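Using the sequences plus the hints, can you model the full thing?
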Amino acid sequence: NAGVTQTPKFQVLKTGQSMTLQCAQDMNHNSMYWYRQDPGMGLRLIYYSASEGTTDKGEVPNGYNVSRLNKREFSLRLESAAPSQTSVYFCASRNYRVGGTDTQYFGPGTRLTVL
Amino acid sequence: QKEVEQNSGPLSVPEGAIASLNCTYSDRGSQSFFWYRQYSGKSPELIMSIYSNGDKEDGRFTAQLNKASQYVSLLIRDSQPSDSATYLCAVNGAGSYQLTFGKGTKLSVIP
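Those protein sequences? They're chains A and B, same order as listed.
Read in the numbering used here, the first sequence has 116 at position 58, and its numbers run on one by one without any break.
Read in the numbering used here, the second sequence has 125 at position 110, and its numbers run on one by one without any break.
No wet-lab data here; the hints were simulated from the structure.
Since the model is a prediction, treat every value here as computed from it, not as a measurement.
Mixed in with the good hints there might be a few duds.
[What the hints assert, rightly or not] One side only, chain B facing chain A, incomplete, derived with CB under 8 Å:
| id | residue |
| --- | --- |
| 1 | 64 |
| 2 | 67 |
| 3 | 118 |
[Claimed, not checked] In silico DSS-like pairs for lysine-lysine, Cα to Cα no more than 27 Å straight-line:
| id | chain 1 | residue 1 | chain 2 | residue 2 |
| --- | --- | --- | --- | --- |
| 4 | A | 67 | B | 17 |
| 5 | B | 118 | A | 67 |
| 6 | A | 115 | B | 71 |
| 7 | A | 129 | B | 57 |
| 8 | A | 115 | B | 57 |
| 9 | B | 71 | A | 72 |
| 10 | A | 67 | B | 121 |
| 11 | A | 115 | B | 17 |
Quick reminder that beta carbons are idealized off the backbone N, C-alpha and C, glycines included.
Below, the structure written as structure tokens:
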């Protein structure tokens, strides 16, 4: 049981390059999330998927796209990377039922540098 | 705009003391409340969740919730140097799929 896994762990891009961050969970959770974390800014939600087949924008979606490939996998794509996207990216999955239990777990993160 | 406020710290406590971490939130409809611990360079780790008013204890950790005051706290008893980390408070609004996180309080436990 690996929980939430992310690839790659580290990445360096040049401005304008594209890349996809991969995330997978094996906890059978319905909801998945992508956050970025910057010094002094805390965790900011980029996109989320409440359930398989749906995606929604979070607080800072500009410059990103997502795909909920199936229940297990949720990817984040940077089409044309910019230095402002240098950050640590966390994927999370959540077992949430309205009025029921609620647990959200994070993956280990991807450290992205855009030059 | 839903907000979650925490003192950024650093909060320094001696080893063996009680560390008290506080969090206030703006959304009165919030229903789920969480504390995460994040070591430097690592991902946030869920340590406590609380859904109803009162106290919830788990080992050395106690979460306290007061919905009337829109306040949630985390007490760490017998603090250890290994508890030194940033503690994030997170809140879920009614029917929302989005957690709102505070910016975290940095705790240092001094041996």
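These are the hints, each one checked on the structure:
{"no.": "1", "hint": "64", "in the structure": "holds (7 Å)"}
{"no.": "2", "hint": "67", "in the structure": "violated (12 Å)"}
{"no.": "3", "hint": "118", "in the structure": "holds (4 Å)"}
{"no.": "4", "hint": "A:67 with B:17", "in the structure": "violated (31 Å)"}
{"no.": "5", "hint": "B:118 with A:67", "in the structure": "holds (23 Å)"}
{"no.": "6", "hint": "A:115 with B:71", "in the structure": "violated (33 Å)"}
{"no.": "7", "hint": "A:129 with B:57", "in the structure": "holds (25 Å)"}
{"no.": "8", "hint": "A:115 with B:57", "in the structure": "holds (25 Å)"}
{"no.": "9", "hint": "B:71 with A:72", "in the structure": "violated (48 Å)"}
{"no.": "10", "hint": "A:67 with B:121", "in the structure": "holds (25 Å)"}
{"no.": "11", "hint": "A:115 with B:17", "in the structure": "holds (16 Å)"}
The structure is inconsistent with the numbered hints 2, 4, 6 and 9, although it conforms to all the rest.
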